[in-house]
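Chemist: Each chain is listed here by its residues.
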Amino acid sequence: MTSPGLWWRWSLRELRQRLLLVVAIAIMIGLGTGLYAGLTSSSHWRRQSYDASYARLNVHDLRVAVGAGATVAQGRLAAVVRSLPSAAAVTGDVERLVLPTEIDASRPGHTVLSRGELVGIDLTARPPVDAVSVARGRGLVPADQGRDVGILDRTFALANHLPPSGTVRTSGGGQVHYVGQGQSPEYFILPGEQPGLVTQSGFGVLYLSLPTAQRLTGQPGAVNDLVLTLRPGTDTGAFAAELSRALSAALPGTSVTVTDRDDIQTRRILYDDVNSDQRLWDVLAVVVLIGAVFAAFNLVGRVVDAQRREIGIGMALGVPPRRLALRPLLLGVQVGVLGVVAGVVVGLVVGAAMGALLRGVWPLPAWHTNFQVGVFARAAAVGLVLPVLAALPPVWRAVRVEPVRAIRASAVAGGSEPLAGPLGRLRLPGGSLAQMPLRNLARAPRRLLLTAVAIAAVITALVVFTGELDTFTRTTDRAERDLTTSAPDRLRVILPRVEPVSSPTVTAVRRSPAVTETDPTLALPSRIFAAAGAGSGRGIGNGRGAGAGNGAGNGDGATAEPIDVLTYILDIGHGLWSPSVVSGSRTGGVLIAEKAAHDLGVHPGDTITLRHPQRVGTGYRTVDTPLRIAGIHAFPVRSVVFLDNADAGAFRLAGTTNVLVVQPAPGYGRDAATRTLAAIPGVASVASATASIEEIRTLLRSFVGILRIGEVVVLLLAALIAYNAMSIAVDERRREHATMLAYGLSTRTVLGLTVAESAVMGLVGTLLGIAAGYWALRYTVEVLLAETLPDLGVQAILSGRTLAVIVLLGVGAVAIAPLAAARRIRRMDVPSTLRVIE
Amino acid sequence: MALPGSPAGRETPTAGEPGIAGAARAATEQPGATEKPGAAEAVRIDLEGVGKRYDGGTTGVTALADVTLRVGSHCLLVILGPSGCGKTTLLNVIGTLDTPTTGTVRLEGVDVTAASRRIRREVRRRAVSFVFQSFNLFPALTARENVRFGADVAGRDRADEVTDEVLVGVGLAERATHFPHQLSGGEQQRVAIARAIATGNPILLADEPTGELDFTTGVRILELLRGQSEQGRTVLVVTHNREIARIADRVVELSGGRIVHDGPPPGGRLPAAELRW
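So the sequences go chain by chain: A and B.
First residue of the first sequence: 1, per the working numbering; consecutive thereafter.
First residue of the second sequence: 839, per the working numbering; consecutive thereafter.
These are computed hints drawn from the structure, not numbers from a lab.
In this text, a Cβ means the ideal position worked out from N, Cα and C, and glycines have one as well.
Don't take each hint at face value.
Taking CB as the label site, the calculated pair distances span [said to hold, decoys possible]:
{"#": "1", "chain 1": "A", "residue 1": "Trp8", "chain 2": "B", "residue 2": "Tyr892", "range": "40 to 46 Å"}
{"#": "2", "chain 1": "A", "residue 1": "Thr749", "chain 2": "B", "residue 2": "Leu1108", "range": "40 to 46 Å"}
{"#": "3", "chain 1": "B", "residue 1": "Arg891", "chain 2": "A", "residue 2": "Ala434", "range": "40 to 46 Å"}
{"#": "4", "chain 1": "A", "residue 1": "Trp8", "chain 2": "B", "residue 2": "Val1006", "range": "25 to 31 Å"}
{"#": "5", "chain 1": "B", "residue 1": "Arg956", "chain 2": "A", "residue 2": "Ala434", "range": "41 to 47 Å"}
{"#": "6", "chain 1": "B", "residue 1": "Gly1049", "chain 2": "A", "residue 2": "Ala434", "range": "30 to 36 Å"}
{"#": "7", "chain 1": "B", "residue 1": "Arg956", "chain 2": "A", "residue 2": "Arg801", "range": "39 to 45 Å"}
{"#": "8", "chain 1": "A", "residue 1": "Gly812", "chain 2": "B", "residue 2": "Gly1049", "range": "40 to 46 Å"}
{"#": "9", "chain 1": "B", "residue 1": "Gly922", "chain 2": "A", "residue 2": "Trp8", "range": "44 to 50 Å"}
{"#": "10", "chain 1": "A", "residue 1": "Pro393", "chain 2": "B", "residue 2": "Ala1011", "range": "35 to 41 Å"}
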């Protein structure tokens, strides 16, 4: 009986001989497991970084907000808090003044004009609540109270490439020197104009001392916001209820809401996205891993198949099958061990790329991108086990075959496959040479299937990655097309509150030389839900006031979950711009997005309930109004609802406006008109017609970045599969090639036959991959993305161009791979090869 | 006459001789019969002082030394000798799979000694065909398709008819649709010979064609090769088996890369059926 040492040495010698192939297969495994580890690590990083960032800045437990553009005297809100019986539970409270503004951070040659907010903070309050972290420059100190200095939001500054310090102008002509760039918890991601969307460059936050903000906004001694923290263990809900009651009693007639940490919309988006994003990344990583596994399965199997004759000889010599199985299984172990090493390297590289991407998309105060031992251990276990599993079936087949069959030279040809006979007898056109590629494939259908599936798995991943990019591009293109159907240069002048169309601000805008036409409209936060499910979701009045709720639909098919929307009331068909519809009509009811209709399970002609503000005297109340769905608009954002003025009687807001759509005058460029209009007292901000496009693009930015990383990994994988398949195929066919050369065929012809065979295999794999990929694309877009991005209506799209590139890549890469073996075939020692008796 | 498709001046054909292409073309007219008896004077293989040395660092191996050999048509020549005597090297040099270190090789009057790869390839397509010890059939092709491959490579007209006729000739018409793994060793070797015959090439080179076969099957193979030489082909058989040499028209014995005997088989030629080993 031979010693284990012999088998080990034998195996090591074989490893040296085929090191390149083993390394190549190992890298494939590494790409699959590494991508999985890299992507999965990111969710851990995100969670721990969010926790650390919120903790570092002492995020509030409760927030008190005075609504409808009202303010109260400084100290009033704090006094109410301190008067509570439970006031001892409060560990910190800070009064603020938070108001919308236009941020003009333009420099010569670089225009930056965005809507935004001024956040005035009491710098003397200790401890600070919702503190501002400073990434560049310096922070605000008590000595800055009242001075025109501030901190500019870090995300906004990065996205607009602003210097560490500089000057910005605010609405009403204010000018502030920002001395640093920083962030506070509510603005870790910046809210888009549309509910559910986010932005990076389109919303600027300027942190100031409270007196500075009061002076710049003309609200001396006023605040409209208070944030507080509570002692650990305090019943936040009970405290909030107690505080709400006290505020109602202390500030009668003033709309005040109390919200908790979970109501911070941006915070909710961050944490919710981790789970839904991870599901998507898991699917993508698993698709790539499956591709790598199938490829490794196929290649390891083929290498082991090549050892069948030696196994047969061993059996003939009486070596136990268990011992015979050891050597081919060691190949699996070698691939596995190297695969683990490659997986760790790839995982670290992908992780580094992911870390850079995450820091760019969400520049949080704290990012912890440490090595995730558990994740990598799981990936390593998969990488180690899979190649061994891949080696098992061919080993099993090999040790069960009769030795006499195994040692027959022609047995290696694989004529024993069940389908080989019928397929081999198919009548094919052309001579023997023309038939040979197809005959070769038909002779080993199992190998064809395994290789084609390996190619298909990679193509599937490629279709998913590129298809999602296509889908995103088409979605933003669609949105842009819809917004620019008419008056593409128009601007939206946003007012801080609803005003009569005859108000001084509106009049000033109308009379501004920067505009030629003005179209008064309304944009009002509302909520829609299917009429049958009215009241089933969390309403606006959720027990803690009348703040915007969080009833975003879950996107999981039709649902009665209410959807937060912004209802635009305009003169449809007569204004500067009107929405286009994809079904139904434009008037006679409400226009909702296709995604909203899908999520609510409604169609044009159905009735939905719109929960909206209704003017009562000088104040507002929230009412539910059933409205017929006139049609489905083309804008792909679920939170956009349009209503014709004629159908908006329930709002009782006739003759009022809070968004003026204006056409800039000739000679006024977009920037000049924006600057002119933003300088008008009473104007909150000015936005372009296509500002939402940037918000959609921002929402998709992290996905696009990760998809690009995945695309690179998949392309590498495809190249490796093609190379490995070629390498093994050329090795398997060396005697046939030698025979052809001996019969006078040229190397070119021999290569041509191999290329043709590979091309057919590539075509089969690519077609399978495209079919599976399109299915997977639809699943990831219509199921997973619908959960990840519930407000965006995306439809799976695979463009013709992408399809052509994938076919070219799938067929081409596999087909031309044998060309890499041209030298090997040209330099083949034909006599020696022909004399080898397998 | 220049080889078809070869660049002018790359080879040195002897004026007045039929040339490789011409011989090959003549062979296509009659499947299985290349020339009529009586044309035996034509020299198809002409080796002059051929030597082959393999350099292996400080030590070199002389596989062939000063081999001079002329072979005509209608000849079954057996190259005999022990392992390592250079007989396969000689076959490879004649078959243009290998190039000599010294000397001259002429096939059908064409000097192929220093011919380009392309011309040597053309020679293999049009002049010489191989039969290998381990058959080297294409496993994905049926017996018929393997034979058809020979006809296709040589660019023969009526390839289908040629294929069928050759298959009948080797007695495998009934097994035409079988794959190599479904055939016995003897049948596989007959398919390999049929493939070589189907090329229509005048020179057939067989390297240990009975090496993997039992006696009875081996005799059948030898009868087949004998028949080819009788039909006009030049058949070279490499073997270490002295008994096989007894069916040859001529026996060339090698030792240490040199010809030590060249003449009819000792004791005269025997019919294949009378061989014993």
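Chemist: Which numbered hints are broken by the structure, listed smallest first?
Modeler: 1, 4, 5, 9
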